[in-house]
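Enquirer: Kindly produce the complete structure, drawing on both the sequences and the hints.
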Amino acid sequence: MQRKSVGNILLLLLTLCVACMWAFPLYWAAVTSMKPEQEVISKTTFIPDVFNFSAYYFALFETNLATWYVNSLVTSITVTVVVILISVMCAYALSQIVFAGRRLLYGIILASFMVPSQALVVSQFVLMYRFGLINSWGGIILPQLIVPVVVIVYKQFFDSVPKELREAAKLDGCGDFQILFRLYLPLNWGITTALAIITYIMAWNAFLWPFLVTNSEEMMTVTVGITQVDDAFGVKYARDMAVAILAAMPVALAYLLFQKRVTQALMLSSGIKG
Amino acid sequence: MSGIKLTGVSKSFGAVKVIHGVDIEIGQGEFAVFVGPSGCGKSTLLRMIAGLEETTGGEIRIDAEDVTHKEPSKRGVAMVFQSYALYPHLSVFDNMAFSLSIARRPKAEIETKVKAAAEILRLTDYLESKPSQLSGGQRQRVAIGRAIVREPRVFLFDEPLSNLDAELRVKMRMEIARLHRQIGATMVYVTHDQVEAMTLADRIVVLKAGVVQQTGAPLELYRNPDNMFVAGFIGSPGMNFLKARVVPGSGDRLTIELHDAPGVPFEIPARAGLAAGQEIFIGVRPEHITLGEREGGVGLAVTAEFIEELGGTGYLHALTTTGEEMTIECRGEDRPQPKQTVRLTLAPEEMFAFAGSGERLR
Numbered sequence: 011m012q013r014k015s016v017g018n019i020l021l022l023l024l025t026l027c028v029a030c031m032w033a034f035p036l037y038w039a040a041v042t043s044m045k046p047e048q049e050v051i052s053k054t055t056f057i058p059d060v061f062n063f064s065a066y067y068f069a070l071f072e073t074n075l076a077t078w079y080v081n082s083l084v085t086s087i088t089v090t091v092v093v094i095l096i097s098v099m100c101a102y103a104l105s106q107i108v109f110a111g112r113r114l115l116y117g118i119i120l121a122s123f124m125v126p127s128q129a130l131v132v133s134q135f136v137l138m139y140r141f142g143l144i145n146s147w148g149g150i151i152l153p154q155l156i157v158p159v160v161v162i163v164y165k166q167f168f169d170s171v172p173k174e175l176r177e178a179a180k181l182d183g184c185g186d187f188q189i190l191f192r193l194y195l196p197l198n199w200g201i202t203t204a205l206a207i208i209t210y211i212m213a214w215n216a217f218l219w220p221f222l223v224t225n226s227e228e229m230m231t232v233t234v235g236i237t238q239v240d241d242a243f244g245v246k247y248a249r250d251m252a253v254a255i256l257a258a259m260p261v262a263l264a265y266l267l268f269q270k271r272v273t274q275a276l277m278l279s280s281g282i283k284g
Numbered sequence: 288m289s290g291i292k293l294t295g296v297s298k299s300f301g302a303v304k305v306i307h308g309v310d311i312e313i314g315q316g317e318f319a320v321f322v323g324p325s326g327c328g329k330s331t332l333l334r335m336i337a338g339l340e341e342t343t344g345g346e347i348r349i350d351a352e353d354v355t356h357k358e359p360s361k362r363g364v365a366m367v368f369q370s371y372a373l374y375p376h377l378s379v380f381d382n383m384a385f386s387l388s389i390a391r392r393p394k395a396e397i398e399t400k401v402k403a404a405a406e407i408l409r410l411t412d413y414l415e416s417k418p419s420q421l422s423g424g425q426r427q428r429v430a431i432g433r434a435i436v437r438e439p440r441v442f443l444f445d446e447p448l449s450n451l452d453a454e455l456r457v458k459m460r461m462e463i464a465r466l467h468r469q470i471g472a473t474m475v476y477v478t479h480d481q482v483e484a485m486t487l488a489d490r491i492v493v494l495k496a497g498v499v500q501q502t503g504a505p506l507e508l509y510r511n512p513d514n515m516f517v518a519g520f521i522g523s524p525g526m527n528f529l530k531a532r533v534v535p536g537s538g539d540r541l542t543i544e545l546h547d548a549p550g551v552p553f554e555i556p557a558r559a560g561l562a563a564g565q566e567i568f569i570g571v572r573p574e575h576i577t578l579g580e581r582e583g584g585v586g587l588a589v590t591a592e593f594i595e596e597l598g599g600t601g602y603l604h605a606l607t608t609t610g611e612e613m614t615i616e617c618r619g620e621d622r623p624q625p626k627q628t629v630r631l632t633l634a635p636e637e638m639f640a641f642a643g644s645g646e647r648l649r
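Protein chains in written order, with my numbering: chain A, 11 to 284; chain B, 288 to 649.
These aren't lab readings, by the way, just hints derived from the structure by calculation. Treat the hints with care, as some may be off.
As the list claims (entries may be wrong) - Okay, the calculated bits of chain B under chain A, using three or more residues with CB under 8 Å as the criterion:
| hint | stretch |
| --- | --- |
| 1 | 486-492 |
| 2 | 508-514 |
Claimed, not checked - Derived pair list, reagent style EDC-like, types lysine to aspartate or glutamate, alpha-carbon separation capped at 16 Å:
| hint | chain 1 | residue 1 | chain 2 | residue 2 |
| --- | --- | --- | --- | --- |
| 3 | B | K357 | A | E177 |
| 4 | B | K292 | B | D381 |
| 5 | B | K361 | A | D59 |
| 6 | A | K173 | B | E454 |
Unchecked claim - Cβ-to-Cβ under 7 Å is the rule here; a few derived chain A residues that face chain B:
| hint | residue |
| --- | --- |
| 7 | A129 |
| 8 | E174 |
| 9 | K180 |
| 10 | L181 |
| 11 | D182 |
| 12 | C184 |
| 13 | P196 |
| 14 | P260 |
Note that the Cβ used here is the ideal one computed from N, Cα and C, for glycine as well.
Expert: What follows is the structure, encoded as structure tokens:
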């Protein structure tokens, strides 16, 4: 019994150490952003001698951060809403409607899940270029709309809805759209929120594609925009950290507010049905 | 005609034919029960009437209107499922109001109809509850209420009591019978439980392997079955079947001899003219056998195996000397012991004769 409790204490200490190691870079970024630039380069202090918020003032008022925020918000929210809408309809069709080629289509979706998005950037870039969508919200959004894993997760959940519910709804006069939006979607509301949050986080954090498709500062998203702060103004650690923290803030907030749902979505997208 | 008429209705799943040219007429306001063993096609037939299964051949008419290929919601039918199929995210009120809200009926009308149905089914106190907060019986009542508010031409019940415990099943059976008397709608009910069929039905349709074996009033089927399958299926416990041989006789009644009791020919009410020596089956219900010797009956010796005791009555399971299984209803206090040899008396006028193919010999 005693041996067990000693083991528990050791395990707790080890967990605490790992948590500290994980949290330290975040802590370091936060304190660095609140130090004067001089202090950052001259000495190592774990708590700033003087709390200085000039880096934040600079990030907020002397860069295009507000524009980047707007771009990121517009593109992330659009991607989230459209991905959920497309996926939910696609998954419903694959799960509930019998049509020729259904299995083949699902096979293609499963296969496309295995293709890394990086492998597609060249063809997508050419496509967006031909559509005249370089440096536009459309150009940022369109290639991010296909997220096979969301379709696969939804299909799994729709498969497990008892078929009698759909039949009862049919007898009650519902068409497929009504069955989907009045029955299947509300029944799977939990997973919809989880998938929406994870899609939103992925869209907000997306870097490679927005970086390739935008070169005008006016159209950049936050993740791409913060690289410009460094380029234009030289290495200023406090400013860089302040910008990075402001850029990560919406995602961090989303995570803190919907922690349980995010964990559920991560488990689902990795194949563990929560 | 009003009611339901199925003409030559058939259903195939790929190459497998599961319903073979069914012809049934169910009158307006009639309570019809489809009964048969698992896999006989009774639920498939019900789902075809509902429009949830495509009809491969034949015609389905409801109130003279051809609905064979109509959408389920356009047929004027409502269905109560075995699993209740209540929408779990909606309250009892919203479940019952769902079809009317889909049809965009005015709110006042929806409220009036739902409250009236809730009143009939004694659900008024539960209108704000979610299905998960209700008992099995209450959920089943909500499912019935959902059907009532639609005011359908036909109510369809697909084994609605199978998920309930025995006591609740009896209660709900009475509720459904009361509901039928109250609203007088045409109802089609599917069950594999012949007690449900006997107690609820105006008309029973017995199915086996997608073929209608017999249609008729419950007592008609009990007293006058067309074949061994119906005779064995209707009545609880089922009818006993014993091998017999036709012997030369006189008059217009069939004279037979039981394999078990050779040399004692007796007459039963069936047609004569079968060849002497032909092997047939006779059927006798457990409740028409008496323990001990009785004058005017046919004597038979059996060995008692065990007794199912129900209190007032008991069912003796026994073997004849030729190894045929029999069930005998025992009334009163008289109960044989296992392994005991028991004399029985069968009443010839309560016996049915069946050909080797199972067809009734009348």
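Enquirer: Find the hints from earlier in the document that the structure breaks and name them by number, from lowest to highest.
Expert: 1, 2, 4, 5, 6, 7, 14
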